[in-house]
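K.L.:
Going line by line, the protein sequences match chains A and B.
Residue numbering for the first sequence follows this note's numbering, beginning at 5 and increasing consecutively.
Residue numbering for the second sequence follows this note's numbering, beginning at 163 and increasing consecutively.
What the hints contain is simulated information worked out from the structure, not anything from laboratory work.
Hints are supplied without guarantee of correctness; some may be wrong.
So, partial list: chain A residues that the calculated Cβ filter (under 7 Å) puts toward chain B [said to hold, decoys possible]: (1) Thr86; (2) Pro87; (3) Lys91; (4) Ser118; (5) Ser152; (6) Ala157; (7) Gly158; (8) Arg170; (9) Gly173; (10) Ser177; (11) Ile179; (12) Val181; (13) Gly194; (14) Asp197; (15) Pro214; (16) Gln302.
All residues carry an ideal CB built from backbone N, CA and C; glycine is no exception.
Each chain, letter by letter, is given below.
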Amino acid sequence: MKKLTIALAACAVTAFTLSPLAANAATLDNVKKRGMLVCGVSTGLPGFSNPDSKNNWSGIDVDTCRAVAAAVLGDAQKVKFTPLTAKERFTALQSGEIDMLSRNTTWTHTRDTSLGINFAGVNYYDGQGFMVMKKLGVKSAKELNGASVCLQAGTTTELNLADYFREHGMKYSPITVDTSDQTIKGFEAGRCDILTSDQSQLYSLRTKLPDPNAAMVLPEIISKEPLGPVVRQGDDQWFNIVKWVLYAQINAEEMGVTSKNAEEMKSSKNPSIARLLGGDAGAKMGIGADWALQAIKQVGNYGEMFERNVGLNTPMKIARGVNALWNKGGIQYAPPVR
Amino acid sequence: MAEKEGPLTPSKPAPWNNPAVRSIAFQALAILAVGYFFYVIFQNTLTNMEKRGISTGFGFLTEPSGFGILMSLVDYSEASSYGRTFVVGLLNTLLISVLGIFFATLIGFTVGVARLSSNWLLAKIATVYIETLRNIPLLLQMFFWYFAVLAALPSPNKSIEWGGNFFLNNRGLYFPRPIFEDGSGFVGAAVVIAIAAIVLMAKWAHRRQETTGQQFHTVYVSIGILIGLPVLAYFAAGMPISLEYAALKGFNFQGGMRIIPELMALLWAISFYTAAFIAEIVRAGILAVSHGQTEAANALGLRPAPTLRLVVVPQALRVIIPPLTSQFLNLAKNSSLATAIGYPDLVAVFMGTTLNQTGQAVEIVAMTMAVYLAISLTISAFMNWYNKRKALVER
Ligand SMILES: N[C@@H](CCC(=O)N[C@@H](CS)C(=O)NCC(=O)O)C(=O)O
Numbered sequence: 005m006k007k008l009t010i011a012l013a014a015c016a017v018t019a020f021t022l023s024p025l026a027a028n029a030a031t032l033d034n035v036k037k038r039g040m041l042v043c044g045v046s047t048g049l050p051g052f053s054n055p056d057s058k059n060n061w062s063g064i065d066v067d068t069c070r071a072v073a074a075a076v077l078g079d080a081q082k083v084k085f086t087p088l089t090a091k092e093r094f095t096a097l098q099s100g101e102i103d104m105l106s107r108n109t110t111w112t113h114t115r116d117t118s119l120g121i122n123f124a125g126v127n128y129y130d131g132q133g134f135m136v137m138k139k140l141g142v143k144s145a146k147e148l149n150g151a152s153v154c155l156q157a158g159t160t161t162e163l164n165l166a167d168y169f170r171e172h173g174m175k176y177s178p179i180t181v182d183t184s185d186q187t188i189k190g191f192e193a194g195r196c197d198i199l200t201s202d203q204s205q206l207y208s209l210r211t212k213l214p215d216p217n218a219a220m221v222l223p224e225i226i227s228k229e230p231l232g233p234v235v236r237q238g239d240d241q242w243f244n245i246v247k248w249v250l251y252a253q254i255n256a257e258e259m260g261v262t263s264k265n266a267e268e269m270k271s272s273k274n275p276s277i278a279r280l281l282g283g284d285a286g287a288k289m290g291i292g293a294d295w296a297l298q299a300i301k302q303v304g305n306y307g308e309m310f311e312r313n314v315g316l317n318t319p320m321k322i323a324r325g326v327n328a329l330w331n332k333g334g335i336q337y338a339p340p341v342r
Numbered sequence: 163m164a165e166k167e168g169p170l171t172p173s174k175p176a177p178w179n180n181p182a183v184r185s186i187a188f189q190a191l192a193i194l195a196v197g198y199f200f201y202v203i204f205q206n207t208l209t210n211m212e213k214r215g216i217s218t219g220f221g222f223l224t225e226p227s228g229f230g231i232l233m234s235l236v237d238y239s240e241a242s243s244y245g246r247t248f249v250v251g252l253l254n255t256l257l258i259s260v261l262g263i264f265f266a267t268l269i270g271f272t273v274g275v276a277r278l279s280s281n282w283l284l285a286k287i288a289t290v291y292i293e294t295l296r297n298i299p300l301l302l303q304m305f306f307w308y309f310a311v312l313a314a315l316p317s318p319n320k321s322i323e324w325g326g327n328f329f330l331n332n333r334g335l336y337f338p339r340p341i342f343e344d345g346s347g348f349v350g351a352a353v354v355i356a357i358a359a360i361v362l363m364a365k366w367a368h369r370r371q372e373t374t375g376q377q378f379h380t381v382y383v384s385i386g387i388l389i390g391l392p393v394l395a396y397f398a399a400g401m402p403i404s405l406e407y408a409a410l411k412g413f414n415f416q417g418g419m420r421i422i423p424e425l426m427a428l429l430w431a432i433s434f435y436t437a438a439f440i441a442e443i444v445r446a447g448i449l450a451v452s453h454g455q456t457e458a459a460n461a462l463g464l465r466p467a468p469t470l471r472l473v474v475v476p477q478a479l480r481v482i483i484p485p486l487t488s489q490f491l492n493l494a495k496n497s498s499l500a501t502a503i504g505y506p507d508l509v510a511v512f513m514g515t516t517l518n519q520t521g522q523a524v525e526i527v528a529m530t531m532a533v534y535l536a537i538s539l540t541i542s543a544f545m546n547w548y549n550k551r552k553a554l555v556e557r
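The following block holds chain A by itself, in its conformation from the complex (with noise of 0.2 Å):
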């Protein structure tokens, strides 16, 4: 882990020196003439991006991913997955070692502003819980005084969990590690008496423990956790790419365009639809005609994603909530396409 930081850091400061333009340099070429998509992602994270044991990657996160190879390129098997620590991930980007990152990020103002980065929307709206062993019979966040809490380091979650504490001027002690995969093993061994993350990760951590209804969830969330894809900062093209295409997904949901009906949508009366399917948009970025077409029918619009990866039927059976359309209750709202 040490040593992909570093080597990390390294290939930083070598881009960073050696190559001034690169800054400029389009990213679409660059994956066009690869045919390849690199996307970072979670070292493991069910529901968002997690590797089966033939190595194919699933959860949203990897479909945010694919839903843009097949916008590009045509093709959404066309990516190539990096896993990285939370710690890793910003410099990966940075250096240009991978096109995008799509790791259940959280847009922030310091990272926005300060890291050469930028957000490219919202595909879920999270935000920061607790969870315990039931068997503590604590039943609110607020009687954690003194707890040992498990959590990952080069989060948002070290700060809010500090904040947090402060605020109600309560005690913990921190076991900070790189891996979700560390968090989970030290919550399991009863090193922590609390595991904190963002919610819907505290839910697909608990699928990996031997008795997942031995803990449970804490009621209290206590941050705001937009999540989303980043671009470096720098290259607009690439970034509208990435932005529009997410919208694109969220758009068709909201006009009832899915995997399955893409094709004969196409020729559909309504114009806003012809204009998704067909039009000049994808002309405006760069890429083909059919780039919202093709994302759509190979990885579905927001809501068969959403499904597909965290919903009801999943194991991690996590409802829309605030992660609905604007029109059903939600905050999921698209610009339109026009």
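For chain A, the structure is supplied; the task is to place chain B with the ligand on it using the hints.
P.N.:
What follows is chain B with the ligand alone, placed relative to chain A:
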């Protein structure tokens, strides 16, 4: 650069023909060129990072960190600055390095000598120890100890306890914390005086033995002084030191002092691992001393233990110290694996969390590298000095 062949005149050569001046000039030029090279790289990096909207500079060191750290040897809270997190991480790294070097040396010497023992069982155990531990990657050993330790220890409410003072559970080993009140200074002074007295006494005993051959029970007397003097001072000053005991409150023990399991696991892993290498170095060193030396000592009537201590080891040390230095350096650098099991060393809190929260990779990685370089150079310098002292002095 062809030199002119002239008649041999005693006149001084022109400065550019003077080899000494020339060599200095070329070296200065080389240094300048290298310096300029790094300067350009540095400037270029900064400019490029600014162009990409990445913050640069060391201003972040005064900003509040906003995150907690598991273990700190100095006062630290979320409100402390990133500069402070650097200090906390640095001290934690130094702590594990110093403790690790101490224990690794102790175990390493013991095992190394045991491997040469004429006791078959002892020698075999030492061999198995060495061959197992030095052939398993350190990171695995760290995970093993960490999770083995955690799994073996009970939860806080079922702690193993000794007399209500010491508690052991999966949150750490708790013991009473001394509270120093007015007058503790006397006790401190007594300790210093005791140490000084012991040093003087040892010198005196040594001299007496050299001149008269009489031996003196330095060890027993030393222990007596070291304990007796401070205890006397303690009572004379009106018992100024009290103890704060750890007690179970809520989830965890509060008060007292604590050694966290991360530190124990890391210390075990790193000491046992490095000790295996040190043991081999010690064995090689001892074998390098010719057997004639032992025989000569035996002929003079020295028993095995003094033979080892007075004849073999001092000579072996000359062979042992240089490779031992490398092991110490390895240990200090290996301690940076700590982050894998959550021990908050410099790499974890500074190059990990701080880097990630501020995004200032170049500055932080540079500072971290500088620290490891400084630690390594210090160890090297010390060992070189020690080596010189132990080296053969030709009389
Ligand atoms: N959203 C937060 C937290 C993200 C995060 O890294 N969460 C952990 C949850 S324990 C994770 O995803 N780990 C997966 C991994 O280690 O690869 C952030 O952006 O800082």
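K.L.:
Taking the hints in turn, state whether each one holds.
P.N.:
These are the hints, each one checked on the structure:
Taken as an interface hint, A/Thr86 does not check out: its beta carbon lies about 17 Å from the nearest beta carbon of chain B, beyond 7 Å. At its closest, the beta carbon of A/Pro87 sits 16 Å from a beta carbon of chain B; the interface hint therefore is violated under the 7 Å criterion. Against a cut-off of 7 Å between C-beta atoms, the interface hint on A/Lys91 holds, since the closest Cβ of chain B lies about 5 Å away. Hint status for A/Ser118 relative to chain B: holds, with the closest Cβ pair at about 4 Å, below 7 Å.
The beta carbon of A/Ser152 is positioned within 7 Å of a beta carbon in chain B (closest approach about 6 Å), and the interface hint is therefore held. The closest approach between the C-beta of A/Ala157 and any C-beta of chain B is roughly 5 Å, which is under the 7 Å cut-off, so the hint is satisfied. Hint status for A/Gly158: holds, given a least beta-carbon distance of 3 Å to chain B, under 7 Å. Taken as an interface hint, A/Arg170 checks out: its beta carbon lies about 6 Å from the nearest beta carbon of chain B, inside 7 Å.
Taken as an interface hint, A/Gly173 does not check out: its beta carbon lies about 13 Å from the nearest beta carbon of chain B, beyond 7 Å. Look at A/Ser177: its Cβ gets to within about 6 Å of chain B, closer than 7 Å, so that hint holds up. The restraint placing A/Ile179 at the interface with chain B holds, with a minimum CB-CB distance near 5 Å, inside the 7 Å limit. With a cut of 7 Å, the hint placing A/Val181 at the interface with chain B holds, because the nearest CB-to-CB distance is about 4 Å.
With a cut of 7 Å, the hint placing A/Gly194 at the interface with chain B holds, because the nearest CB-to-CB distance is about 5 Å. With a cut of 7 Å, the hint placing A/Asp197 at the interface with chain B holds, because the nearest CB-to-CB distance is about 5 Å. Given hint, A/Pro214 at the interface with chain B, is violated; its Cβ is 13 Å from that chain's nearest Cβ, farther than 7 Å. The beta carbon of A/Gln302 comes no nearer than 33 Å to any beta carbon in chain B, farther than 7 Å, and the hint placing it at the interface is violated.
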